[in-house]
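Two chains, two frames, some hints: make the complex.
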Amino acid sequence: MYEFKYQRPTSVRQAVNMLAKDPEAKLLAGGHSLLPVMKLRLAKPSALVDIGRVEGLNTIELKGRSIVIGAMARHVEVANSPVVKEALPVLAEVAGMIGDPAVRHRGTLGGSLANNDPNADYPAVVLGLGATIITSKRRIAADDYFKGMFETALEPDEIITKVSFPLAKKAAYQKFKHPASGFALVGVFVSKRSSDIRVAVTGAGASGVFRVKSFEEALKKRFSAKSIEGMTVPADGMNTDIHGSAEYRAHLIAVLARRALAAA
Amino acid sequence: MPAVSMTVNGKAVTADVDPRTLLVQFLREHLRLTGTHVGCDTSQCGACVVHLNGIAVKSCTTLALQADGGSVLTSEGLAAPDGPLHPMQEAFRENHGLQCGFCTPGMVMTAVDMVYRLGNDLDEHTIRQELDGNLCRCTGYHNIVKAIAAGAKTMKGTSKAA
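Order-wise, the sequence lines are chains A and B. Just so we're aligned, residue 1 is where the first sequence starts under the numbering used here, counting upward by one. Just so we're aligned, residue 265 is where the second sequence starts under the numbering used here, counting upward by one.
Extracted from the complex, chain B is given alone in its bound form (with noise of 0.2 Å):
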């Protein structure tokens, strides 16, 4: 079996893998970081959101062997274990961004990756347009609108993690 390296969280990982192992089953199965979920499997919904070298990408479309020698940054990542939320983990939690939850961390790196590429200010229609790719099934989408436009202002001066 092929070996696969990245760095996952700012920690470096090894592992062999089988050349079908996604990159979502090797966060979840092989590292244990199941923050990072599976909804539909077919890259339509972004529960399985991560950022890969800087970038939002779908982990369920992305084999972990094209994420070789990679930076992959995490749900679990965003913020230390033992510490304060990251801002936009915040602004979910204050604005009541969520339900069941199920979606949320795939919201929250898409919310993140969103802010890196276009600002703090982000309007309501820019926010619903780049969450094109994050579906919900509880929220209705407007508290998870409210939170990233909040989020995205409480961010300003935290730099790029990972």
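Extracted from the complex, chain A is given alone in its bound form (with noise of 0.2 Å):
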């Protein structure tokens, strides 16, 4: 690891103060991305503001039709929360499905998000349910939160503090997990609400996150794996790597959903 200065603010407030004073700190919470990449010397933050002690960051609680769940929740707190596993069992399943235990101890829903790894569960969830993103600043609709691989629409000196997951009548995930690794070499993420029926992506597309609007549009006659039989998704702008090709991500694409509507 490069050198970098380490702060510990009490609060959100401290914390956000700390980022805007130096444009090159990054924030750590649970740790699990980013000190892997400073140990590779992928990242040279000159300073890690840890909000591992501000409290109020780890609540779950359900909120009208939405379940609301702290930035700094672990993985584990997400997969073992009661409420979370009546209101939203699909929710508990993906915070479950990451890494390893050990992984799962320290990693939070908050630093997943701001990260934004192409290959990551989370972020279908959070398209694939809808979700908002509630920061120091604002909310972010989940559609207009995901900018790309490990790009999002925070701003330098902006914090996520909680995130919004609207229930869903149906949802269910199915991951083609990398056997190494553990992560998503393709997940597909269904949900219908009412009206709003979504299919998102991780782990294919070259940009990150994705919805598929011709899935979701013959989805809207009925929520069910007919109704995509022989649809396919071009390979165009899918992720090429030694893991695999754009066109076998593509076919997993169309496989995967094709088992959560099953499943849902």
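Just so you know, these hints were derived from the structure itself, not from any lab. Each hint should be verified, as a subset may be incorrect.
[Said to hold, decoys possible] Where chain B lies over chain A, by a calculated footprint (3+ residues, C-beta under 8 Å):
(1) 56-63
(2) 98-105
[Claimed, not checked] Far from chain B, some chain A residues (derived; all Cβ distances over 12 Å):
(3) Leu-28
(4) Ser-33
(5) Ala-47
(6) Val-68
(7) Glu-158
(8) Arg-193
Predicted model only: the values in this text are computed from it and were never measured. For each residue, glycine too, the CB sits at the ideal point set by N, CA and C.
Below is the structure:
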């Protein structure tokens, strides 16, 4: 790692001020994306602002027809939360699929979303449910939040504090897990909330998570795997690497979407 | 350099550290507790697993400063140096749950954490799933799984350490 200054604010406001003063500073949540990248010297923040001691950022509450989760909620907390399991079980399932047990003990919801790894699971849930990202400044709709690989709408001194997930009548996530890393080679999240139907894909797109509008359109008639039978997704814009070609990833999207619809 | 204080295996320790110091470096290089290993150094292999405030974490992906004020339990702290082995360590010995031994400290710490979270009756499927983050290149896992199932049972009635 390159050298950095370590700062430990006790409030969101203090953390925002630290970030505003130093444009090269980075926020440290669970550290399970940022520290590995720093160890490889792919990131060189001048300072780490560790929000691990800021209180009130890991709450999980049912508010009306939504579940509101604090940005510092660890994956294990979301996976084991009785509130989440009862009201939106798919969210608990996805949280329980991330990484391995020790990683889930440290990794956070806000950290995953701020990082926006193109193979991460949470972005698919957030976009696939049309969740709202609540920050120190504003509320951002999922459709406006993800801006490409490792890019988000967050400003340099803006901190995610909560995420509000609307409850869905039907929802499911299917993931083709990379056997070594556990990341999604491709993951597809489907949901139906009254008239809002969403199909969100992680892992496949060359610019991160995205929605499959053609599938969503076809599902308006009937929310069933049959409605997208025979439909495909073009390989243009898909990621190609040693783990899979663009064509393979495009193929997996249709397969996993059908499986998710069958499970929803 | 910022100061860091924590309890390690029941003993209070304080040191001034470079902020870059990882928890595993702090344990191994500052405290000379070399029972915690560094395998992959990329949070995949689990050789570095220790308990921080009672839960299993990868100490190669945690800054020492993130553990400031916390309580850490390492392989060395599971049993008294001159006393009998911890029931989980004994189960690994009894079931030949290791060959070269490099992954063993992390395996044992993960296994003990598994028992704290999931109880004393662990079936094979659960154990294999829960070992997702611990790699072993010798045993083929079979005896590790047997050891954990046996150790979980003999841990019944033991209290949670540090």
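We went through each hint and held it up to the structure:
1. Counting residues of the region 56-63 of chain A whose CB lies closer than 8 Å to any CB of chain B gives 0, so the stated coverage by that chain is violated, three being the minimum.
2. Counting residues of the region 98-105 of chain A whose CB falls under 8 Å from any CB of chain B gives 6; the rule of at least 3 is met.
3. Its beta-carbon lying about 8 Å from the closest one in chain B, A:Leu-28 breaks the requirement of being farther than 12 Å from that chain.
4. Not every CB of chain B is more than 12 Å from the CB of A:Ser-33 (nearest about 10 Å), against its label as outside the interface.
5. With 12 Å as the threshold on Cβ separation, the claim that A:Ala-47 sits away from chain B is violated: the shortest Cβ distance comes to roughly 9 Å.
6. Even its closest Cβ contact with chain B, about 24 Å, leaves A:Val-68 beyond 12 Å, as expected for a residue assigned away from the interface.
7. Its beta-carbon lying about 23 Å from the closest one in chain B, A:Glu-158 satisfies the requirement of being farther than 12 Å from that chain.
8. Distance check on A:Arg-193: its Cβ is at least 31 Å (rounded) from any Cβ of chain B, clearing the 12 Å threshold; non-interface status holds.
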